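Trainee: Please build the complete structure, drawing on both the sequences and the hints.
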Amino acid sequence: MAIISSVLLLVFTLLSYTTRTAGNNINDITGYLMTLFFVTVVMGFVLSLLSIKEKYHWKKYVGIGINTFFFILLVIGLLGNLVDIVNAFS
426 MAIISSVLLL VFTLLSYTTR TAGNNINDIT GYLMTLFFVT VVMGFVLSLL SIKEKYHWKK
486 YVGIGINTFF FILLVIGLLG NLVDIVNAFS
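In this text, residue positions in the sequence shown follow this note's numbering: the first is 426, and each later residue adds one.
Don't read these hints as lab results, they were simulated from the structure.
Remember, it's a predicted structure, so these values are computed and weren't measured experimentally.
Each residue gets a CB set at the ideal place from its N, CA and C atoms; glycine is no exception.
Where hints are given, some of them may not hold.
Said to hold, decoys possible - Ranges of calculated distance between the beta carbons of each label pair, as one might list FRET restraints:
#1 S476 - S431: 17 to 25 Å
#2 N450 - Y481: 19 to 27 Å
#3 Y486 - N449: 25 to 33 Å
#4 G448 - V471: 36 to 44 Å
#5 V432 - L503: 16 to 24 Å
#6 L440 - E479: 19 to 27 Å
#7 G448 - L498: 14 to 22 Å
Mentor: Below, the structure is given as structure tokens:
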């Protein structure tokens with residue numbers, strides 16, 4: 426899941442630099458990518474935590490580290506957006 430999340434983050438970042446107009450569907454595509462990124466990060470984090478009891482392998486711990494990093498970034502982003510929403514309505 427960490428590889429899929431990394432690719433989605435890269436594609437989303439590249440698409441965010443393109444010019445957006447009403448005529449193209451880039452806004453829809455980036456919205457779908459953001460949703461898919463959210464799902465893959467949460468799934469990757471949960472599955473990596475469930476794999477802790479499995480046999481030792483260095484790839485497992487690299488995956489746990491990457492998934493934890495993405496999950497922390499996701500939580501920070503969500504909290505930042507919630508703070509902005511609360512500030513906008515108060």
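Trainee: Against each hint, give a clear statement of whether it holds in the structure.
Mentor: We went through each hint and held it up to the structure:
Range check, S476 to S431: Cβ separation about 18 Å, and the 17 to 25 Å hint holds. Distance hint for N450 and Y481: a CB-CB separation of about 46 Å, inconsistent with the stated range 19 to 27 Å. In this structure, Y486 and N449 break the distance hint of 25 to 33 Å, their C-beta atoms being roughly 41 Å apart. Evaluation of the 36 to 44 Å hint for G448 and V471 yields a pass: the beta carbon distance comes to about 39 Å.
For V432 paired with L503, a C-beta distance near 21 Å keeps the hint of 16 to 24 Å intact. A hinted range of 19 to 27 Å is violated for the C-beta pair L440 and E479, which are about 36 Å apart. In this structure the hint that G448 and L498 lie 14 to 22 Å apart at CB is violated, the actual value being about 32 Å.
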